[in-house]
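Student: These are the residues of each chain, in order.
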Amino acid sequence: MGWYVGRRLIEILPVFFGVILIVFAISHLTPGDPVLIALGEHATPAAVDKLRAQLQLNDPLPVQFVKYLGRVLRGDLGRSIQNSEQVTVLLAKRFPATIELTLGAMLIASVIGVLTGVVAATRQNSWFDGMSMFVALFGFSMPIFWLGIMLILLFAWYLGWFPISGRLDYTLELSRVTNLYLLDALISGNWQALGNALRHLVLPAVTLSSVPLAIIARMTRSSLLEVLRQDYVRTARAKGLAEQRVVSRHALKNAFIPVVTVIGLNVGSLLGGAILTETIFAWPGVGRLVVDSIFARDYPIVQGAVLVIAILFVLINLLVDLSYAYLDPRIRYG
Amino acid sequence: MILNHRMRRLAIPIAVLAVGLLLAPTSSVGAPMSSWDAKACGRIGGTLVFAQAQEAVTLDAHDAVDGFSVNNTSNVFDTLVRFKVDSTAVEPSLAESWTVSPDGLVWTFKLRSGVRFHDGTPFNAEAVKFNYDRQVDAKNPYHTGTFEYAEFTFQNVKSVEAVDPMTVRFTLSARFAPFLTNMAMFSTGIASPTAIQKYGKDFFKNPVGTGPFKFVEWVEKDHATYEANRDYWAGRPCLDRLIIRGIPDNTVRLLEMERGTVQMMDQVNPPDYDRIRNNKDLVLFTGPGLNTGYIAMNTQNPPFNDRRVRQAVSHAVNKAALVQAFYGGVGQPAKNPMPPTIWGYADGVQDYAYDTSAAKKLLAEAGFPNGLDTELWWPNRARPYLTQPQKIAEALQQQLAQAGIRAKLVTYEWGTYLQKTRSAEHPMAILGWIGDNGDPDNFLYVLLDKDNAQLGKASNVAFYKSDSVHRLLIEAQQVSDQAARTKLYTQAQELIHRDAPWVPLVHAARVGAYRNQVENFLLHPLQIWWLHRVWIK
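If you read the protein sequences in the order shown, they are chains A and B.
Per this note's numbering, residue 1 is the first one in the first sequence, and the count goes up by one each step.
Per this note's numbering, residue 335 is the first one in the second sequence, and the count goes up by one each step.
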C-alpha cells in the first residue's frame, strides 16, 4: 500500500509538468494580446512596449516557459497582471471559498443521493422509486442559473430564511486564518459567525448539489440493484438475515465502488469552480477568479489556478482509488 | 493618446475654464464654496451598502482602470482639483487656487494647508511630487503597477517641482488646455507617500489618501469597508460607514436591494426599470450619459468604401426602436459621434431618416440593386453603451435585412474582438466609447482622425481617412479659443455626417437605483459614485 501510494505520487510529477506545459501553451497561444486587453482600445505604442517588457512577454516562448517552470518549482506562481497581487496569496484566499462550497454541496449530494438511491433500489418500482428518479432527472436537467434564482426568490427573498448572496455578513468580525469560514469560526469559537456562514452556505450548496445529487442517486440505485441480484445476497437472505441487514452489511459496500468514483469525480470537477453558482450567489470562489482572469488575460492567475486545480484533481483520484481497497477487500495495491 | 476602454470616463470640458486661463496674462482662481457642500447632512451616521456589478480589482487610484475600482478609490483619495457635483467643470480641492503663466506652460498650485493623510502624515507639495514621480518614472522604486492612465493624465507634463511646502509647480512641454481637467481625474488621486513606502507592492490593498472615507478592510471579490474620515478637510461625510460590495448577477443585486440588505446598486437591467419605478421603496436615477455606441463601417474595403452604401446603412437603422427596446427608453438616439452633453456638439446636423426605400435606392445607385451580403460584428460583452449586445446585434441584423443588407452576425471574445477590429478585419463592427475627457477631441480626434487609423493599432476602426476632417481636428487642437474650436468641431461633424463612416447608434443614459431612505444622492455625469454627501434617513 505505502509503495503504491508512493509510486502514484511520483507519477503525479509528469502529470504536473504536462499540465503546466499545456496551460502555458494555451494561454499564450490564445488570440488576444494581454497587453492590448490591459491597456484598452487606445493604448499608445509606447505604453504597449513598456507593459510588454514589464511582463517579460518579449522573450521567446520557450524561454518564458523555462523561466516560469523555474519559478513554479520555487513555489512562486508570479503576480497578477492587473493588480500585482501574488498569485499564491490570491489562491489561498479564493480556494477555501470553493472548497467550502464544494464540500457543502457534496455532503448534501452524497447523503441525500445515497439514501434516495438505496430506498429506491430496495423498493424498486414503488411510487417512491418512480418519483425520486423523476426528481433526480429533473434536478439533473434544470439549469443551475434558474434553480439558483428560484431558490433565492423563495427561501431568501420571500421567506427570508437565508441571506440572498455572499459568504458572511459584512457586519460580523471574523479572523480569517484558513479562509474556510466555518473552520475559522470554529477555531475562534465565534458561534455567531459560524451560524451566519452556515446560513450563507445553504442555498449555494443546495443549488450546486442538484446535478451530482441526481447522478449519485441514480448510480446508487442501479449499482445496488445489480448487487442485490447476486448469489451471495440470495445466500444472505436464505440464511434468514433481515432485509435491512442484508442491504446495509452485505450489499451496500459492494455497490459503493461506482458511487465513490462518481463522488470523487464530482468533487474534482466542482473544485475547478462552480462558475454559475459562484456568480449567482456572489460567492468569491476560484471559478469566477479563473473566468475573470481569462477575460483579462491575467496569465499568472490562470496558470496558477489551473495548476492547483489539477493537483487537487489528481490527489482526489488517488483517494478514490485507495478507497476501493477499503470497500472491496479483493482489491489490493502493492 | 491613451484611453482605456474599461473605464474611459473622466475629465471633462473644463476647457472653458482652462482656455480662459490660458488667455489671461496670469490669472488666478480663488476658492469659491464647493459645489459639493451645498446641502448639509440631514443625519450623521449609519452604514450604507452600495452593490456594484463587480468588485474592485485594485484600491490604488493610480493603477485603477475599471469603474468598479474607481468607485472605491474616488471615495478614499482626493485630487488637486475636482469635478463639480453635477457637471464636469472643475473646482478647487487639495489645491486651493492656481495660476498659469502667460505662455500657458507653467501651472502653479497653491495647496490647502492643514490637510492630513489617513495615516496622520501631512499633505504637502512633496507628496504631490512623490505621487507624480511614482506614476511616470518607471525606475522609481514605488512604480509598482502599470499606471496605465498616467500617460494620458500627465501628457505634455515635463516636470513637477515642490516650490515650497504648500506650492507645487507643473511645467508643460506644450500648451494643453485639458491639463487642469486631467488633474481632477481619479487616477491623479494623491496618496500618502509614507504609506506607499511602507506597503510597496501591497499598497493596492492598503490605500491611504486624504479623502472622506478611510479604508478599513477589503475581502477581495466580496466587499470593501470604509469608515468616515472625521477629520476630513471639507467636513466629515454624513455616513459612519460605507460598504462597497460586488454582486455580479443583476437580478440578485436588485433582490438584495429590495430586501433592504443593500441600499444602492449600479447597472440596472433595462427590463427592471419598471419594477423599480413601481416599488415605492426604491428610486431609479437616470441622466444623460457621456458615451456613444456605434457601428463602424470599414471604409477602406468594398462595399463600404462607397459612401452611398454607408449612407444606405445609415438609413436602414431604426435607432429610436433600439433605444425603446434595449435601453429601457432612457437612452438617446445618436446622430453625431459625440454626445450632446459635450460642448461643440453639432446640433444642426440632420440625422439620416429611418427610411428603407431611401436605403434601397442608394444601394441600387451604388451597384447593388439586389442588396448585398456582408457581416455585422458584435462584441460579446455588455457595455454601458451596449446593454444587451447580442439582442441589439440581432435587431440590427433584421433592420438591415429589410433594406436588402443581408448581414451575417459575427462575434469574438472581447480581447480577440479588439485586436481584429483594430486590424480592419471587419466589414461592419459595433463598438462604443465612454468619454473620459469631455473635450470633443477625446471623441472626434481619437475615433475618426486618420492619425488613429493605423492598421493593428487603430482606434479609428472605420479607418476613415478624411484629409479635410484631419485638418479641422488638428487646428482645433492648437487654437485655444473655445468659440473657434466649436466652429471647427461643428464643421468636422458635418463632414463626418456626410461621409457616414459610422452609424452613431445611441448615447446610453447613466442609471443607478437606491432605496428611498438614501438622501442627497446624485450620480455624477462621469458615473463615479462619490458618496460622501449621501446620508440615510
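Worth flagging that the hints you see were computed from the coordinates, not collected in a lab.
Certain hints may be false.
As the list claims (entries may be wrong) - Away from chain A, derived, C-beta distances all over 12 Å, residues of chain B:
#1 Trp567
#2 Ile577
#3 Thr675
#4 Gln724
#5 Asp833
Said to hold, decoys possible - Here are the simulated distance ranges between beta carbons:
#6 A:Val177 - B:Ser447: 50 to 58 Å
#7 B:Ser507 - A:Pro60: 31 to 39 Å
#8 A:Arg71 - B:Gln634: 42 to 50 Å
Unchecked claim - Computed cross-link-like contacts, DSS-like style, restricted to lysine-lysine with a CA-CA straight-line distance of at most 25 Å:
#9 B:Lys418 - A:Lys50
#10 B:Lys821 - B:Lys791
#11 B:Lys463 - A:Lys239
#12 B:Lys444 - A:Lys50
#13 A:Lys50 - B:Lys373
#14 A:Lys67 - B:Lys463
#15 B:Lys418 - B:Lys373
#16 B:Lys754 - B:Lys791
#17 A:Lys50 - B:Lys791
#18 B:Lys754 - B:Lys784
#19 B:Lys535 - A:Lys93
#20 A:Lys253 - A:Lys239
#21 B:Lys473 - B:Lys492
Values in this document were obtained by computation on a predicted structure and should not be read as measured data.
Here a beta-carbon is modelled for each residue, glycine too, at the ideal position from N, C-alpha and C.
Student: Is the hinted pair Lys754 (chain B) and Lys791 (chain B) satisfied, with a Cα-Cα distance of at most 25 Å?
Tutor: Holds. Lys754 (chain B) to Lys791 (chain B) sits at ~10 Å (cutoff 25 Å).
Student: Check the hint pairing Lys535 (chain B) with Lys93 (chain A) against an upper bound of 25 Å on the C-alpha distance.
Tutor: Distance of about 18 Å is within 25 Å: holds.
Student: So if I understand the rule, the pair passes when the alpha-carbon distance is 25 Å or less; does Lys253 (chain A) with Lys239 (chain A) pass?
Tutor: Holds: Lys253 (chain A) and Lys239 (chain A) sit about 19 Å apart, inside 25 Å.
Student: Please check whether the beta-carbon of Asp833 (chain B) is more than 12 Å away from every beta-carbon in chain A.
Tutor: Holds, because the least Cβ-Cβ distance between Asp833 (chain B) and chain A comes to about 22 Å, which exceeds 12 Å.
Student: Just to be careful, I want the Cα atoms of Lys444 (chain B) and Lys50 (chain A) compared with a cutoff of 25 Å; is the pair within it?
Tutor: Violated, at about 34 Å.
Student: That 42 to 50 Å hint for Arg71 (chain A) and Gln634 (chain B) (C-beta), does it hold up?
Tutor: Because 44 Å falls inside the window, the suggested range holds.
Student: So if I understand the rule, the pair passes when the alpha-carbon distance is 25 Å or less; does Lys473 (chain B) with Lys492 (chain B) pass?
Tutor: OK: Lys473 (chain B) and Lys492 (chain B) at ~16 Å, within 25 Å.
Student: Check whether the Cα positions of Lys754 (chain B) and Lys784 (chain B) lie no farther apart than 25 Å.
Tutor: Distance of about 18 Å is within 25 Å: holds.
Student: Holds or violated: the 50 to 58 Å window for the beta-carbon distance between Val177 (chain A) and Ser447 (chain B)?
Tutor: At roughly 44 Å between Cβ atoms, Ser447 (chain B) and Val177 (chain A) fall outside 50 to 58 Å, so the hint is violated.
Student: Can we trust that Gln724 (chain B) is non-interface, i.e. its beta-carbon lies farther than 12 Å from all of chain A?
Tutor: 16 Å, holds
Student: For a C-alpha distance cap of 25 Å, please report whether Lys50 (chain A) and Lys373 (chain B) respect it.
Tutor: Violated: Lys50 (chain A) and Lys373 (chain B) sit about 46 Å apart, past 25 Å.
Student: Is Lys67 (chain A) within 25 Å of Lys463 (chain B), Cα to Cα?
Tutor: 37 Å, violated
Going through the hint list in order, the structure does not satisfy hints 2, 6, 9, 10, 11, 12, 13 and 14.
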